[in-house]
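Q: Which chain is which? The protein sequence lines are A and B, in order.
Following numbering that gives the first Met the number 0, the numbering of the first sequence begins with 0 at its first residue and continues without gaps.
Following numbering that gives the first Met the number 0, the numbering of the second sequence begins with 0 at its first residue and continues without gaps.
Read the hints as simulated data drawn from the structure, not as lab findings.
Take the hints with a grain of salt, since some may be wrong.
What the hints assert, rightly or not - Taking lysine to aspartate or glutamate pairs in the DMTMM-like style, the calculated list, with each CA pair at most 25 Å apart, reads: (1) A/K86 with A/E177; (2) B/K257 with B/D182; (3) B/K107 with A/D180; (4) B/K257 with B/E191; (5) B/K118 with B/E150; (6) B/K120 with A/E153; (7) B/K107 with B/D81; (8) A/K80 with A/D249; (9) B/K107 with B/E128; (10) B/K107 with A/E177; (11) B/K118 with A/D180; (12) B/K118 with B/E130.
Unchecked claim - Listed below are several chain B residues computed to face chain A (Cβ distance under 7 Å; list not exhaustive): (13) A70; (14) H72; (15) P90; (16) P92; (17) F98; (18) T102; (19) P105; (20) L110; (21) Y115; (22) G116; (23) M119; (24) Y147; (25) C260; (26) L280.
Claimed, not checked - To give a feel for the contact side, a few chain A residues facing chain B, derived at Cβ under 7 Å: (27) A181; (28) R182; (29) A186; (30) R188; (31) S189; (32) L190; (33) G191; (34) T192; (35) P204; (36) G219; (37) L278; (38) W281.
Note that CB positions come from ideal geometry on N, CA and C, so glycine has one too.
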Amino acid sequence: MSSAGVSRWVAAGRNVPGVRIGAPAVGTSVATRALRAAIRSASIAACLLLWHLAATRHVNLGFVSFANVPSPAEVAAAAWKLLQTPKLWRHLSSSLMRVGLGFGMASLVGIVLGLLIGRWRWAHEALLAPLELLRPIPAVAWIPLAILIFPSSEGSMIYITFIGALFPILLNTIHGAESVDARLIAAARSLGTRPLRLFTEVIVPGAAPSIATGLSIGMGTCWFCLVTAEMIAGQYGIGYYTWQSYTVQDYPDIVVGMLLIGVLGLGCSALVRWGMQQLMPWHQPRRGAQ
Amino acid sequence: MNAVRLDDRQDAPAVARGGRISADRVRIELGTGAARFEALHDVSIAVEPGEFVCLLGPSGCGKSTLLGALAGHLRAAQGRLDLDGVPIAGPDPQRGLVFQHHTLFPWKTVLGNVAYGLKMKGIDRRTRECEARRMIELVGLTGFEDRYPRELSGGMQQRIEIARVLINRPRVLLMDEPFGALDALTRTRMQEMLLALWARMSTTVLFVTHDIDEALFLADRVLILSRGPGRIIEELPVLCERPRHARQLTDPQFLALKRRCLELLRDSGGAVPDREHLTPLGSALVGAS
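Chain A extracted, bound-state conformation (with noise of 0.2 Å):
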């Protein structure tokens, strides 16, 4: 029983019975996967090389100077001289913690919050129009108030995580939550399911996929948010890292904390898909939708 052909279970929440899309076909032959992981590595040997020219030729086109970016070869160097040092630990571990419990806090509170307002009409009406006001505001518009607010800088980072991660987890779960078949709950109470459990029998899985997709968006925003705090907040942090190498004028440590971001933010998206992944291994993702 291969499971072509046969429905798949998709985000929206409902079975559609379709053909996969962008799968690649079966028994794709080594050497067109050969030509393909060429290609790919040419075109990021040729990024690296324009990069490597432009800045070691000092390329200036009027309106965009490449003169004080470093080459490759000196963010390299800075890369391995950061790898030696025990500072780095401190500023990876500070701003994992700071994304640990912002995001885990957003994920618990917009995971409740999104269930009963997507579920039960009074949290619709009293809950989602406060929420509805504070969303449009920017997450980093919140830094100002956040250091007023918080006594500690550690606490209004934390803060500003929270709030970046909060509503992309929020509104998933509310549509989540408001798009469970209504059939399963109808089967579901016909099968002699009381009103809690309907909660924790077919609600909450009903609405996993959707809250899984809202975490993965929320744990992107989430890192945004942290290294912009961080640059203007911070001691410590990866984000703290990248700008006090512009202000103390370490031009290649800039570009290291950059990647370092770009590789930090990839590997956190990747582990929520992972664990995810683990929760469901009844929901198959639509391919190429991440």
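Model the placement of chain B on the given structure of chain A, informed by the hints.
A: What follows is chain B alone, placed relative to chain A:
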């Protein structure tokens, strides 16, 4: 694929477990505001315990609506719906409902889906999984316990759906075009399997379909509904002996009944513009309760 022999009605448990359905002058309205319309008009039916009754009618005639009301998902605007003399108020595992398709829990395995009803009754895991395995065997899907619904064909999903409802030993089995989405061959097999299960479990069955052959093949009695608003226009007893076989569909007696059904359905439909699709949860456009 037939797990149950067709001729084992003899060893069916002879316990009287109830299952008498009665609907008395039931009127059901669907939709809200200006879009509100009467889906069923003054419908009265009586189904004896253990009887197999088919509701036959054109699409949009409200036959699924009546089923939804008996399942407890829709409320009657007027009239009385009883099971064994007790008014129907809300869904209950005593009245098992089988939909056309896609109502298995996609996040549960076959075993988890079938055992679900017993889990809700608070029965411990060992007992309920043991019972679920028995039900899965009964519908001929032993070996698929750990699969997820999306890994099964449409016919297999419907078998699991039926097993999931029957594990609760319902007094009444309410089926809303359960084989409507299957191909002709699978559908015939499923009909035979359903009759065999029914013979064993002696449950009352109320089966909604718009397929005349299906209704005549399965039922003790066929109730024909007309469209807009739905009401019962004819009651046809099918006095053909059991166990039944697909070849009986070409007997002169069957053909005469089929001709009668065709005439009645032709007279009842057509004149009224097609309504949106009606389901046991209301009308598809207006949305469910």
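Q: Compare the structure with each hint and give your call.
A: Evaluated hints:
1. A/K86 with A/E177: Violated: A/K86 and A/E177 sit about 47 Å apart, past 25 Å.
2. B/K257 with B/D182: 21 Å, holds
3. B/K107 with A/D180: 15 Å, holds
4. B/K257 with B/E191: 19 Å, holds
5. B/K118 with B/E150: 23 Å, holds
6. B/K120 with A/E153: 49 Å, violated
7. B/K107 with B/D81: Distance of about 33 Å is beyond 25 Å: violated.
8. A/K80 with A/D249: Status holds; Cα separation ~13 Å.
9. B/K107 with B/E128: 13 Å, holds
10. B/K107 with A/E177: 20 Å, holds
11. B/K118 with A/D180: 21 Å, holds
12. B/K118 with B/E130: Roughly 11 Å between the alpha carbons, so the hint for B/K118 and B/E130 holds.
13. A70: The hint holds - B/A70 has a Cβ within 7 Å of chain A, the shortest such distance being about 6 Å.
14. H72: 5 Å, holds
15. P90: 4 Å, holds
16. P92: 4 Å, holds
17. F98: Nearest chain A Cβ about 6 Å off; hint holds.
18. T102: 4 Å, holds
19. P105: At 5 Å from the nearest chain A Cβ, B/P105 passes the 7 Å test, so the hint holds.
20. L110: 13 Å, violated
21. Y115: Constraint on B/Y115 satisfied, holds at 6 Å.
22. G116: 5 Å, holds
23. M119: Since chain A brings a Cβ to about 4 Å from B/M119, closer than 7 Å, the hint holds.
24. Y147: 5 Å, holds
25. C260: 29 Å, violated
26. L280: 5 Å, holds
27. A181: Since chain B brings a Cβ to about 4 Å from A/A181, closer than 7 Å, the hint holds.
28. R182: 5 Å, holds
29. A186: Holds, about 4 Å.
30. R188: 4 Å, holds
31. S189: 4 Å, holds
32. L190: Check passed: Cβ of A/L190 comes within 5 Å of chain B, closer than 7 Å.
33. G191: 4 Å, holds
34. T192: 5 Å, holds
35. P204: Holds, about 4 Å.
36. G219: Given a least distance of 26 Å, the restraint on A/G219 is violated.
37. L278: Not OK, violated: A/L278 not within 7 Å of chain B, min 10 Å.
38. W281: 5 Å, holds
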